[in-house]
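*Asks:* Each chain, written out:
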Amino acid sequence: MSYQIELFHSLLNDFLNGESALMTLDGNVLAVRGIQPATYGTLNTAALTAQKYLNLQEGDIAILNDPYSGGSTLNEMTFVMAISEDLIWVLRKSLGKSVKLANSVEEEGLRIPPTPLLQKGQMNEVIMSAMQAHPACPPGLAEWLRTQCQFLQSEAKKLIEAIEFAGFEITSELIDDYLKLCRDRARQIIAEKASGETRADIVLDSGELLRLNMEIHEGKVIMDFSGTSAAKTVWLTESATFGACYYAISSFYGFANISNSGSFSAVQIIKPTNCWLVAKYPAPISKGLVSGISALKSAIGLALSQIHRKHEKSLSCHCPLEIELQHQGHQIAFSIPGGEGATQGHDGQHAHMKHLSIEQLERELPVKVLRVDSRHSNGGNGKYTGGRGLLLKLEALAETQLTWMTDLTLHRPRLPKDCSHGDPTEIILEHSDSKSTLPVLGQQTLAKGDTVVFCTGSGGGFGRAEQS
Amino acid sequence: MQNRFLLGISVGESFAEFSLLSGDEPLAHKRIFLARENLKSSLQQFLAEHHDKVPQKVFISLRFSEKLLDQRFSGAIAQVTTEGFENWLNLRREPKFSLNNKDLSFAVNERVRADGSVEKSLDIAELEAIATKLQLVQCKKICLYFLHSNTNPLHINTARSFFLEKGFEVFTPERTDNSDEVSRWNKNSLNAAISGVIEELQKDLAEALNSIPSENIHYVSSEGKLFERDAKDNPLSSLFSLYTALAQTYATKDASDILYLGLESFVLISGNKWNKIWQSPWGETEVSHPWVTKLKLQPTSGLDLNVFERVDFLSRNEGWEPGPMFLGRGQKLTLLDLWSENTKLAKVPGLEDRIAASGVQRFKNSLLALSKISRNHNNDQSHVIKDLQSLAIQRMALQSRLDRQNERIVVTGPLAEIFGNAFKKDKKAKVVPQAFTDATATALMGLRQLKDQR
Chain V
0 MSYQIELFHS LLNDFLNGES ALMTLDGNVL AVRGIQPATY GTLNTAALTA
50 QKYLNLQEGD IAILNDPYSG GSTLNEMTFV MAISEDLIWV LRKSLGKSVK
100 LANSVEEEGL RIPPTPLLQK GQMNEVIMSA MQAHPACPPG LAEWLRTQCQ
150 FLQSEAKKLI EAIEFAGFEI TSELIDDYLK LCRDRARQII AEKASGETRA
200 DIVLDSGELL RLNMEIHEGK VIMDFSGTSA AKTVWLTESA TFGACYYAIS
250 SFYGFANISN SGSFSAVQII KPTNCWLVAK YPAPISKGLV SGISALKSAI
300 GLALSQIHRK HEKSLSCHCP LEIELQHQGH QIAFSIPGGE GATQGHDGQH
350 AHMKHLSIEQ LERELPVKVL RVDSRHSNGG NGKYTGGRGL LLKLEALAET
400 QLTWMTDLTL HRPRLPKDCS HGDPTEIILE HSDSKSTLPV LGQQTLAKGD
450 TVVFCTGSGG GFGRAEQS
Chain R
0 MQNRFLLGIS VGESFAEFSL LSGDEPLAHK RIFLARENLK SSLQQFLAEH
50 HDKVPQKVFI SLRFSEKLLD QRFSGAIAQV TTEGFENWLN LRREPKFSLN
100 NKDLSFAVNE RVRADGSVEK SLDIAELEAI ATKLQLVQCK KICLYFLHSN
150 TNPLHINTAR SFFLEKGFEV FTPERTDNSD EVSRWNKNSL NAAISGVIEE
200 LQKDLAEALN SIPSENIHYV SSEGKLFERD AKDNPLSSLF SLYTALAQTY
250 ATKDASDILY LGLESFVLIS GNKWNKIWQS PWGETEVSHP WVTKLKLQPT
300 SGLDLNVFER VDFLSRNEGW EPGPMFLGRG QKLTLLDLWS ENTKLAKVPG
350 LEDRIAASGV QRFKNSLLAL SKISRNHNND QSHVIKDLQS LAIQRMALQS
400 RLDRQNERIV VTGPLAEIFG NAFKKDKKAK VVPQAFTDAT ATALMGLRQL
450 KDQR
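Quick mapping for you: the protein sequence lines, in order, are chains V and R. With the first letter of the first sequence counted as 1, position 386 gets the number 385 in numbering that gives the first Met the number 0; the numbers rise by one all the way through. With the first letter of the second sequence counted as 1, position 197 gets the number 196 in numbering that gives the first Met the number 0; the numbers rise by one all the way through.
No lab work stands behind these hints: they were computed from the structure. Remember, it's a predicted structure, so these values are computed and weren't measured experimentally. Backbone N, C-alpha and C define an ideal beta-carbon position, used for all residues, glycine too. Treat each hint with caution, since some may be false.
Unchecked claim - The calculated lysine-lysine pairs, modelled on DSBU-like cross-linking and capped at a C-alpha distance of 35 Å, are:
| # | chain 1 | residue 1 | chain 2 | residue 2 |
| --- | --- | --- | --- | --- |
| 1 | V | Lys309 | R | Lys295 |
| 2 | V | Lys353 | R | Lys272 |
| 3 | V | Lys96 | R | Lys293 |
| 4 | V | Lys192 | R | Lys295 |
| 5 | R | Lys346 | R | Lys426 |
| 6 | R | Lys272 | V | Lys96 |
| 7 | V | Lys157 | V | Lys51 |
| 8 | R | Lys252 | R | Lys224 |
| 9 | R | Lys101 | V | Lys309 |
| 10 | V | Lys353 | V | Lys157 |
Unchecked claim - Cβ-to-Cβ under 10 Å is the rule here; a few derived chain V residues that face chain R:
| # | residue |
| --- | --- |
| 11 | Tyr2 |
| 12 | Cys181 |
| 13 | Leu355 |
Please model the entire structure based on the sequences and the hints provided.
*Replies:* Take a look at the structure:
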């Protein structure tokens with residue numbers, strides 16, 4: 000049978016769901032899947048760190064959320080399981096959404112370094128009790144962890160049975176062939192498009208500079224971040240930086256479905272050790288995972304557009320508006336995305352929302368939603384217009400705590416000549432008779448009767464608009 | 000129920016099946032290909048052929064095509080919402096899956112609070128103005144979406160009565176315990192979009208079954224319940240009815256999943272696990288149904304070069320219209336084409352007289368051409384076919400093992416005999432080849448429901 004590679008590839012696709020990765024014990028990443036850019040760099044770091052310190056045996060499960068050990072935000076738990084003598088499965092699951100404005104990672108919540116959760120079939124009750132006793136521990140964590148462990152055990156069993164049942168042997172030769180094929184294919188796809196070099200600068204609202212010198216040559220993308228400034232309030236771990244860069248590149252070229260050690264080698268990253276892309280403990284991480292990743296997406300998008308003129312795309316509003324509302328212990332957090340940039344031949348896609356219920360929001364918190372709509376844009380003009388952002392207007396019916404975070408609204412990067420800028424994200428507070436524009440992040444108590452209008456940015460337009 | 004005749008009818012996207020049973024024993028079956036045969040006349044002919052066995056009860060499952068929604072066959076549909084939320088449904092969908100026409104979107108200045116109290120009363124004058132506009136553009140259907148109408152339906156009921164009196168067809172979200180308005184509204188919006196097509200289908204069936212009293216004709220729902228034809232404002236409730244029937248009919252007593260290998264789809268069903276929400280392309284939609292997952296490989300999965308530039312199955316489904324190449328009309332290679340010379344496939348009712356020698360040859364030529372430009376090119380046609388058959392079978396077996404919700408599995412459906420070999424080694428799998436599972440399961444589930452009701 001000459002289709003072992005295809006069978007192996009489909010096995011990985013069928014098994015991996017959500018934010019997850021499968022690796023070999025010696026560190027080869029066989030596959031990573033997910034929709035969060037940071038996933039593509041952090042999951043393998045999590046597996047390597049857990050294995051290094053805990054030496055997991057078949058069936059053991061470890062947990063971590065520490066960003067400096069391969070986690071992302073502290074409310075996302077990363078499980079590392081040795082599912083056989085030579086395979087490690089990493090799965091990330093969210094405990095819920097929140098918006099954190101903190102000065103250190105310790106203020107962002109309970110930080111869990113790689114910790115053994117299940118060993119020799121036994122749950123580590125001592126550690127779970129200790130975690131549950133911590134003041135920053137989310138309620139019900141221990142029970143949630145037990146449920147997750149049962150799920151991991153059951154899925155791992157299915158994988159082992161499926162491999163045995165198919166009479167399928169995952170040999171080192173097959174893994175080598177697969178990784179080589181993925182590497183060659185990723186490089187070929189890159190090489191088939193244009194090559195060249197360019198520079199893109201993005202300035203974050205907190206003043207950090209992201210400088211990207213991109214060089215595409217012989218099927219390899221080299222991203223040199225020399226010149227990028229030190230952090231002021233935005234930090235990103237090295238593994239999250241790699242993940243964001245790789246994800247942007249593989250999505251552009253269309254090889255995200257073969258993400259593994261092979262295709263990773265098509266992307267090389269150079270960065271100074273003192274820049275904000277190399278976070279050091281105890282720097283906070285939450286803001287970086289929103290602002291920092293959005294800045295990377297913008298810079299990489301601009302650079303790719305400049306090198307690949309045929310696939311030029313105007314700048315999308317990459318940074319969502321993160322919102323959290325709280326009242327008397329009730330909390331709801333959600334994210335409002337922005338519009339996409341237009342391309343040669345197509346208008347940008349308008350923003351749409353996921354997972355928000357107006358009725359639930361009004362039932363759980365003392366707020367009244369007055370309007371939700373596509374935002375009327377002044378920017379993003381051109382022959383092809385940028386996708387519109389969203390508008391959400393709400394009124395506080397009682398005192399309510401509002402926390403919000405966005406970025407990339409103040410400084411407009413230099414664009415290719417056919418592209419125009421879209422509108423930046425705006426947050427407007429109406430209090431009594433006064434109206435004020437809020438900064439890009441903050442926390443405020445809304446008084447009864449206060450109205451807030453959240454407007455996310457629109458995508459940039461493309462081409463010269465025809466005169467009517 | 001002994002010696003009483005039952006008729007099961009299952010209408011799918013491309014095929015329809017009829018099964019005549021005596022009690023629970025099958026007597027006669029027929030499958031038609033809807034692209035070539037007319038549903039009404041074929042059913043009339045089937046009943047005429049068995050005129051001596053007049054069915055006392057008829058049970059019907061309908062599984063409309065998602066393509067119907069894309070093509071919006073049901074004509075213009077207006078929507079009236081609480082002011083400020085005219086675009087809310089569209090904003091919760093990917094723009095390409097928008098179902099609403101912005102020119103037919105209206106708002107009324109009414110407001111019900113989250114606790115159900117009325118903040119702003121509904122003004123009938125606003126409804127009058129909307130009705131006048133809709134009459135001018137000859138729009139007959141209206142969907143109503145008022146915030147918190149699930150808690151207090153006063154305004155939505157008033158508006159519904161108003162528009163009904165004016166002669167409009169009105170669709171309002173069902174009152175349920177689901178607290179997310181979007182999934183309730185989505186269901187209503189999809190119901191409105193397909194209501195016209197389903198009504199026509201039900202009319203055809205009613206005409207073909209005119210010799211049977213209408214109270215003896217029952218439709219089965221995704222929840223396994225029976226409903227009458229005039230429940231046409233909720234056609235979405237029948238979307239999963241076939242899968243429910245299959246799970247209830249073929250699952251073993253010790254709880255098992257069903258792997259249904261049908262002509263239109265390969266689906267894994269778990270009858271003891273239920274979902275309230277359907278993750279549809281149009282967004283989360285409230286439809287209670289058994290846990291169902293479509294296999295990544297489907298009977299009409301396309302064949303082309305994969306990311307490694309080797310011949311492989313695509314994630315895209317080509318569909319039955321015009322169908323696999325071996326039927327003579329298809330232009331694109333599909334999974335089923337690989338079995339075009341399989342004698343068992345040639346005997347599958349509905350396909351037996353369709354296979355065209357020229358179609359089979361065209362498939363072979365196209366596959367060879369594809370193989371030649373692939374990275375793993377192979378000039379031996381039969382080798383390529385065998386390898387791809389083996390890959391397909393192994394992939395189906397692997398996925399059905401990984402996604403299984405119960406330890407045991409029953410493999411059934413009209414193509415189970417062909418693909419069942421994949422499960423020979425699986426000690427927890429039982430292969431039950433059945434040529435007419437769809438209509439038979441529909442009839443048997445309907446019969447059980449009637450007994451339970453009594």
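*Asks:* For every hint, state whether the structure bears it out.
*Replies:* Evaluated hints:
1. Pair hint Lys309(V) plus Lys295(R) holds up; C-alpha atoms about 33 Å apart against a cutoff of 35 Å.
2. A hinted pair counts as satisfied when its Cα atoms are at most 35 Å apart, and Lys353(V) with Lys272(R) qualifies at roughly 25 Å.
3. Distance restraint check for Lys96(V) and Lys293(R): the Cα-Cα separation of roughly 30 Å lies within the 35 Å cut-off, and the hinted pair is therefore satisfied.
4. Distance check on the hinted pair: Lys192(V) and Lys295(R) sit about 30 Å apart at the alpha-carbon level, within 35 Å; holds.
5. At roughly 28 Å between alpha-carbon atoms, Lys346(R) and Lys426(R) fall within 35 Å of each other, so this suggested pair holds.
6. For the hint pairing Lys272(R) with Lys96(V), the CA-to-CA distance comes to about 28 Å; that is within 35 Å, so the pair holds.
7. Restraint check for Lys157(V) and Lys51(V): satisfied, since their Cα atoms lie roughly 27 Å apart, inside the 35 Å limit.
8. Between Lys252(R) and Lys224(R), the direct Cα distance comes to roughly 21 Å. Compliance with the 35 Å bound is thereby established for this hinted pair.
9. Between Lys101(R) and Lys309(V) the CA atoms are separated by roughly 33 Å; this keeps the pair inside 35 Å, and the hint holds.
10. Restraint check for Lys353(V) and Lys157(V): satisfied, since their Cα atoms lie roughly 31 Å apart, inside the 35 Å limit.
11. For Tyr2(V), the suggested interface contact is upheld, since its CB lies about 4 Å from the closest CB of chain R, less than 10 Å.
12. The beta carbon of Cys181(V) is positioned within 10 Å of a beta carbon in chain R (closest approach about 8 Å), and the interface hint is therefore held.
13. Of the supplied interface hints, the one on Leu355(V) holds, with its beta-carbon coming within about 8 Å of a beta-carbon of chain R, less than 10 Å.
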